[in-house]
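Undergrad: Given chain A's structure and the hints, the job is docking chain B with the ligand onto it.
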Amino acid sequence: MVTAPASVPYERYSPEPAHWWLARVLSDLGKQSGLGADDVDGLCVSSFTLFPDTAAGLTQHFGLTPRWLDHVPTGGASGVITLRRAARAVQSGDASVVACISGDTNHVDSFRAMLTTFSRFSQDASYPYGSGGPNGSFSLMTSRYMDAYGVKREDFGKLCVAQRDNALKYPHAMMKKPLTLDEYMSARLIADPIVLYDCVMPCAGAEAYLVMREEDARAQNLPYAHILSTVERHNSYPDDPVQIRGGWALDKDEFWSMAGISPGDVDLLQTYDDYPVISAMQMEDLGFCEKGSVSEFIQSNTFTYDGTFPHNTSGGQLSVGQAGAAGGFLGLVEAIRQLTGGAEQNAVPDAQYAAVSGFGIINFDRGLCSGAAILGRT
Amino acid sequence: MTDALKRPPKKDPQKRTNSPTLPPYARSRKAIAFTLAAAEGRFALQVCAECEHVTYPAREVCPKCWSMELEWRDIPDGGKLISETTLRTSVNSYFRERMPWRIGTIQLDAGPTVLAHIHGDVGEFERVRMIARTDKSGQGVMLALPEKETPNMADDRQLRALTCNPKYRRALVTDGRTELGQRMVKALADAGATRIFVGIAEKWRPYEGSEALEAIPGVEIMPLDITDTISVNELAAEMGDKADILINTAEYVRPGSVMQRHGVTLARDEMETNYFGLMRLIQAFGPGMKARGADGDNSACAWVNLLSVYSLSNWPVYGTTSASQAAALSLSQCLRGEFAGSGVKVINVLFGPLEESWRQPLPPPKVTPQRLADTVIHALTQGIENVTLGPVAEDVVRRYKEDPFVLERELTQINQGM
Ligand SMILES: [Zn+2]
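So the protein lines, in turn, are chains A and B.
Add 61 to a position in the first sequence, counting from 1, and you land on the number used in this note's numbering.
Add 506 to a position in the second sequence, counting from 1, and you land on the number used in this note's numbering.
Extracted from the complex, chain A is given alone in its bound form (with noise of 0.2 Å):
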């Protein structure tokens, strides 16, 4: 059972680095549980801006004796996997309660900084060819995925706008202005074709929740959500050109069938949403609607918390900000906000189901790492 979503606002550039930005999201969710460190024996990090220290450095800092430890290194599929690898270690009987953590520090130069040296294939292959970052690779795979599949700039817009609108109900959002689909089509264009609202901002910031059993959760009078179904994939599909699917299409039969539900069930979806192709990606190779049709999926329907399909209820990484590999929580945490009665202004009315999935690690020309996870209320 996943509880105790906790959230530490994010700030863009921030001085301290990431061990106090975990501190602090360790130290919230520890009011929030009423749980300390002789509660806690699992423990999992993400986190891009750490070192030189790993999970393993963390626990004498954080004053944790665990018996089960994790350093989750997929960024943004972080959430997911961190959420799966726990799970089966409290199943197991591994541990009993795991915190999951995740942050990450933003200095005034620390981005650059980490894509110069983000991966060898990338320092190699295409950190050298105009050092546009994700920007660089996300353009290529949208251009190629909108020439594929016939999507439109209008339909990332409706996106992008409707996850601001959501950003707009939940405080801790740093973008605070309304956007229109206007001002998204005549919006700069930072890498053809996308431009600057597809593209997220760097910030710092942290997300954590805690993996338990469900009488440890009662007995603790936690509110809390059941896992379903996960699932995860690494380097799927790599003879592929340009990426234009992810791993989620190899494992969708399973994971529904694990789940026990189909897409129809499901109340609300938190994709990973770096650019919102990846989010359009995620819908189709998730069984939201057919590879190919994404298109008239987003234009017959709405995304907003109160629409026909509410998507990014917080308003995602593109409205919230980008907390490194806290990035990859944000949706996560979100989801158990929403099922566990924390979500407020932003609440999808009546939410049984969530579906979450992530995507994360360019290490060269594509997103390596996929998974997917189906939480429900109790």
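Calculated directly from the structure, the hints in this document are not laboratory data.
Treat each hint with caution, since some may be false.
Claimed, not checked - Counterexamples of contact, computed for chain A against chain B with all Cβ distances above 10 Å:
(1) 72
(2) 110
(3) 132
(4) 229
(5) 367
Unchecked claim - Which stretches of chain A does chain B cover? Using the computed rule of at least three CB atoms under 8 Å from a CB of chain B, they are:
(6) 239 to 252
(7) 281 to 289
Said to hold, decoys possible - Restraint-style ranges between C-beta atoms, simulated for each label pair:
(8) B:555 x A:88: 49 to 59 Å
(9) B:525 x A:74: 23 to 33 Å
(10) B:656 x A:209: 27 to 37 Å
A quick note: this is a predicted structure, and the numbers were derived from the prediction, not measured.
Note that CB positions come from ideal geometry on N, CA and C, so glycine has one too.
TA: Below, chain B with the ligand alone, put in the same frame as chain A:
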């Protein structure tokens, strides 16, 4: 169609010269082999020796069969542009100064898809021809060219960033007395160099071809004796800030092994020109060129050394000359290290026996001065740093790459002309 490059305006002396910013230079150790191929103007990727799979980016193991035997081989340079973008922002200062910048995904005929710089004349979804070249950081990168020649193709700014094109640049040729020097000057003029400074030692001494040389447009005859430090420094003081390309055509060649010589007088003369002469030139012209590596369309861009292929391994028939050439080659490597990060390339042309009087007794095949001059222009316009010219040089370089110690044995065994 590429807009024709315009002649750069005269420089305002009050204006600050831009400091060279650089594209990213960090690479894995495996990727350095790609840089070497790019420096030689070859398009090479790793090919699995066991299953023939072509792989990219550089790996340690074949992703298809897990063989560790990945060999860098020249591969077909054809491909197709399947997705493209124009970057309008970058986190890197070099690119930020040059926005917008076009990149794209190329599906290579050889198999892999790669990310590359894209020439402005490549149309959407068109077929392309790939080249690999060293960039301003000295590291190998790929550029996709239109499959067929287009008007003003060489003037494309993303291509020109990888080359040392003489068009609208100013060059210094260090010795204009020889046929080689004169053909070099003519070839530079034909390639669009605007001013060509030609060094002549002891100007009062007549030499063959002087009238034709002086008649070449843009030529300015300058007093220069590279065996004389004062002469070199005086010339650098006069025109050193206008040397965009320096081609060292001065050489001193005499047949003979060590035991065929008496004393060190001749060997000293060889060293004065081939080694100390180069050193004087570097000391006088190197710092100025290094500072002007990002100075607009006529930035300093290339230092060209012409070296006997026996600089790689001694050939006793020209034993002491080989030794002085080896010293010069070593110095050129030092220069490459000193120019690293400046945007100025060191181009080394290794050539076999040249058609000129001091090598007259050598049997063919030989390299004509015209061929050597044309090769230098090709290297400049293509931005190639390591060039091997002529069948003899190609043969020696191939054997050198296979095993330099075996080559040494071969060149020094009985009946190698001694
Ligand atoms: Zn293989």
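Undergrad: Take the hints in turn and mark each one as holding or not.
TA: Here is what the structure says about each hint:
no.: 1; hint: 72; verdict: holds, 20 Å
no.: 2; hint: 110; verdict: holds, 16 Å
no.: 3; hint: 132; verdict: holds, 24 Å
no.: 4; hint: 229; verdict: holds, 27 Å
no.: 5; hint: 367; verdict: holds, 35 Å
no.: 6; hint: 239 to 252; verdict: holds (count 4)
no.: 7; hint: 281 to 289; verdict: violated (count 0)
no.: 8; hint: B:555 x A:88: 49 to 59 Å; verdict: holds, 56 Å
no.: 9; hint: B:525 x A:74: 23 to 33 Å; verdict: holds, 27 Å
no.: 10; hint: B:656 x A:209: 27 to 37 Å; verdict: holds, 29 Å
In this structure, the one hint that does not hold is number 7.
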